[in-house]
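Q: Quick note on this note's numbering: the sequence shown kicks off at 885 and runs consecutively.
It is possible that part of the hints are untrue.
Result set (DSSO-like, lysine-lysine): computed pairs, CA atoms no more than 27 Å apart in a straight line [claimed, not checked]:
hint, residue 1, residue 2
1, LYS1527, LYS1430
2, LYS1401, LYS1427
3, LYS1527, LYS1391
4, LYS1383, LYS1401
5, LYS1527, LYS1427
6, LYS1384, LYS1430
7, LYS1430, LYS1504
8, LYS1383, LYS1430
9, LYS1523, LYS1427
10, LYS1031, LYS1199
11, LYS1393, LYS1199
12, LYS1384, LYS1401
13, LYS1391, LYS1430
14, LYS1427, LYS1384
15, LYS1527, LYS1504
16, LYS1527, LYS1384
17, LYS1527, LYS1401
18, LYS1523, LYS1384
19, LYS1391, LYS1523
20, LYS1504, LYS1383
21, LYS1401, LYS1523
22, LYS1523, LYS1504
23, LYS1393, LYS1427
24, LYS1504, LYS1393
25, LYS1383, LYS1393
Computed Cβ-Cβ distance ranges for the label pairs, DEER-style [unchecked claim]:
hint, residue 1, residue 2, range
26, LYS1527, ALA1433, 23 to 29 Å
27, GLY1375, PRO1346, 53 to 59 Å
28, ARG975, GLN1474, 57 to 63 Å
29, PRO1346, ASP1515, 35 to 41 Å
30, SER1197, LEU999, 28 to 34 Å
Just so you know, these hints were derived from the structure itself, not from any lab. None of these values were measured; they are calculated from a predicted model. In this text, a Cβ means the ideal position worked out from N, Cα and C, and glycines have one as well.
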Amino acid sequence: MTDNAPPPEDDRTRVMSRPAQPTGGGDTAATVISAGITSLSNVPVTSPAAGTHEAGLLPVGSRLAEFEITRVIGQGGFGVVYEAWDHDLERVVAVKEYLPTSLSTRQQDGTVVPLSERHRETFDLGMRSFINEARLLAQFDHPSLLKVYRFWQDRGTTYMVMPFYRGDTLREALVAIPAGVDESWLIRIMDGVTQALGVMHNANCYHRDIAPDNIILLEGSGRPVVLDFGAARRVITDKTQAITVILKPGYAPIEQYAEMPDMSQGAWTDVYALAAVMHVAVCGRAPPPSVARLLSDSYVPLAGNDILRQRYSLKLLQAIDAGLGVRPEQRPQSMAELRAALDLEVGHSIAPTPRTQPPSGARTGANSSSNANAATVIGGRKAPPPAPAPGASGSGKGKAVAALASVAVVAAIAGGGWWWYQGRTAGIAGTGGDVAGGQGKATDITTAPPPPQDIKVTTAPPPPPPPPPPPPAPRTPLESLQSLAAGAAPGFEVTATAKKPEVNIGKDKLAFEVRSKRDGFVYVFLLSSGGEMFLLFPNLLDKYNKITANSALALPRASWPMDAGGPAGTNQFAVLVSEHERDFSASGVQNDGVFPQFPLPVLSALEATRGTGASPLLGKPTCAPGAPCNDVYGVANFKIVEK
885 MTDNAPPPED
895 DRTRVMSRPA
905 QPTGGGDTAA
915 TVISAGITSL
925 SNVPVTSPAA
935 GTHEAGLLPV
945 GSRLAEFEIT
955 RVIGQGGFGV
965 VYEAWDHDLE
975 RVVAVKEYLP
985 TSLSTRQQDG
995 TVVPLSERHR
1005 ETFDLGMRSF
1015 INEARLLAQF
1025 DHPSLLKVYR
1035 FWQDRGTTYM
1045 VMPFYRGDTL
1055 REALVAIPAG
1065 VDESWLIRIM
1075 DGVTQALGVM
1085 HNANCYHRDI
1095 APDNIILLEG
1105 SGRPVVLDFG
1115 AARRVITDKT
1125 QAITVILKPG
1135 YAPIEQYAEM
1145 PDMSQGAWTD
1155 VYALAAVMHV
1165 AVCGRAPPPS
1175 VARLLSDSYV
1185 PLAGNDILRQ
1195 RYSLKLLQAI
1205 DAGLGVRPEQ
1215 RPQSMAELRA
1225 ALDLEVGHSI
1235 APTPRTQPPS
1245 GARTGANSSS
1255 NANAATVIGG
1265 RKAPPPAPAP
1275 GASGSGKGKA
1285 VAALASVAVV
1295 AAIAGGGWWW
1305 YQGRTAGIAG
1315 TGGDVAGGQG
1325 KATDITTAPP
1335 PPQDIKVTTA
1345 PPPPPPPPPP
1355 PPAPRTPLES
1365 LQSLAAGAAP
1375 GFEVTATAKK
1385 PEVNIGKDKL
1395 AFEVRSKRDG
1405 FVYVFLLSSG
1415 GEMFLLFPNL
1425 LDKYNKITAN
1435 SALALPRASW
1445 PMDAGGPAGT
1455 NQFAVLVSEH
1465 ERDFSASGVQ
1475 NDGVFPQFPL
1485 PVLSALEATR
1495 GTGASPLLGK
1505 PTCAPGAPCN
1515 DVYGVANFKI
1525 VEK
């Protein structure tokens, strides 16, 4: 889902192949990246095969030299990525074709040509950038950098061949662990990414689009690989439209918003974006947009957050704060300086990350990693297994964020107390015999003298108490959303219906209608397909949220239309109509953008303490002092699937 209020994200030529299901469900993404193709001779262009959705794509079965296209992975505004079979080396590869849909078209003989002469200059400029990107990537040789096997020009366009990577993006991994990541896991990922970016920077090449969805964690090893070097996209965008179109507000530093004489781009530009990635990992949300911070800086340093300091080292939090300096000169100036701030040695070898998903108590069942302690072979050398994550012991001493910290302490006392009592009872029982199971004698330096021989001790020790029941499984964000309906008042009927329950990404808009049998105030919650929780309505652009009984309210309004912008999956909605206006300040809501957001780590912490109470998302009714304040409301749920 995307909205038209903030700047939209750029189209992707690097496309994830994944089922249309909510992010974080354990699905594996197949990411393709490769460079180098030889000849496009005698390639007939017919209607796209099943699975392709745009005319002009090469059909399945087409041959590009020794590469046979087996399926279309995906298409963005500037290119298309195919899965292909390398007949010479007998391996699966990814083939990326330069195909800017706004500038070019494919003719019947397979040739790609500009739409008109006025498009030629921009088309050629983008292709030269595409070639330069491929040439540069082909020179790099680092395990955390996208590798280009080879590239070539033919039939009016350019191709590059890359490895076919399988794994989850860092974004998907973070969504799967709403309670927050372990520091050691995050540092191992940053080790590889900072090394890779340092290699690029040494060649005077800057990524300028670092974000969680541009880092993939390889299936099996968990090794990070940096993706999406969109040089051609940047050049074309610079030439044809406003630069803000390609920026991600939470990750782009101020120097990327405009050309300023005193704010040039450089290694520090990637430092800011990578610090924003770490901010998301520990806080569950991106920092405020840099362009807004330049006018009035609302950023709150993480190093001063007592809750975060219970879980993360001060050094890590200070490094993130330093990397997010608004002006370029306020940040570490290179990846080497950022690595030093993170306490990573300069030249330190890439540490193994032996699983795609980070260790976390929030990820259980079939989604848990089974090879957590397996050694990983990297670069022909067997690396030792990673050290256990802090706070991962069975005693429950790991600290969580916000209110979850107190719950963890209670769990530790309960579990530890049972262990202590077990040991004490075993010692008592062992004073005159075997320890609880007959495996040895108990030793007690304060043992009293034995009783006289004519006195027999026949009293058996009391049995140990049963272990406490296991704590309930943590509620998922979807369960939090669905539990809003638990306290709805009988007869307060609310209905909500999607205009189209299934929409096509990049083509359709998200729209729905709300009805209520009673007057009230409307609140719409959204758990997006990208795994983020928003208060969609009311919002910064549209604060009037009253509804009249038996009337229809069509949303979104014309002032904030919502495009189906992906990722593929299900957008879950809950509509709450309340007799009174509501206050969500105690729910940890953040108001940094157009739509207020509920950071998932905070939501998880609140869920851990609520027991059988109402969902934290419910908030509280606001009433005039002294007036009756019955909390009466109705709830409806619906969903829209993006494909």
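Q: It remains to establish, for every hint, whether it holds in the given structure.
A: Status of each hint after checking the structure:
| no. | hint | verdict |
| --- | --- | --- |
| 1 | LYS1527 with LYS1430 | violated (32 Å) |
| 2 | LYS1401 with LYS1427 | holds (21 Å) |
| 3 | LYS1527 with LYS1391 | holds (10 Å) |
| 4 | LYS1383 with LYS1401 | holds (20 Å) |
| 5 | LYS1527 with LYS1427 | violated (30 Å) |
| 6 | LYS1384 with LYS1430 | holds (24 Å) |
| 7 | LYS1430 with LYS1504 | holds (17 Å) |
| 8 | LYS1383 with LYS1430 | holds (21 Å) |
| 9 | LYS1523 with LYS1427 | holds (23 Å) |
| 10 | LYS1031 with LYS1199 | violated (33 Å) |
| 11 | LYS1393 with LYS1199 | violated (44 Å) |
| 12 | LYS1384 with LYS1401 | holds (23 Å) |
| 13 | LYS1391 with LYS1430 | violated (30 Å) |
| 14 | LYS1427 with LYS1384 | holds (25 Å) |
| 15 | LYS1527 with LYS1504 | violated (36 Å) |
| 16 | LYS1527 with LYS1384 | holds (12 Å) |
| 17 | LYS1527 with LYS1401 | violated (33 Å) |
| 18 | LYS1523 with LYS1384 | holds (10 Å) |
| 19 | LYS1391 with LYS1523 | holds (18 Å) |
| 20 | LYS1504 with LYS1383 | violated (30 Å) |
| 21 | LYS1401 with LYS1523 | holds (21 Å) |
| 22 | LYS1523 with LYS1504 | holds (25 Å) |
| 23 | LYS1393 with LYS1427 | holds (21 Å) |
| 24 | LYS1504 with LYS1393 | violated (32 Å) |
| 25 | LYS1383 with LYS1393 | holds (9 Å) |
| 26 | LYS1527 with ALA1433: 23 to 29 Å | violated (36 Å) |
| 27 | GLY1375 with PRO1346: 53 to 59 Å | holds (55 Å) |
| 28 | ARG975 with GLN1474: 57 to 63 Å | violated (46 Å) |
| 29 | PRO1346 with ASP1515: 35 to 41 Å | violated (48 Å) |
| 30 | SER1197 with LEU999: 28 to 34 Å | violated (54 Å) |
Violated hints, listed in ascending order, are 1, 5, 10, 11, 13, 15, 17, 20, 24, 26, 28, 29, 30; each of the other numbered hints is respected by the structure.
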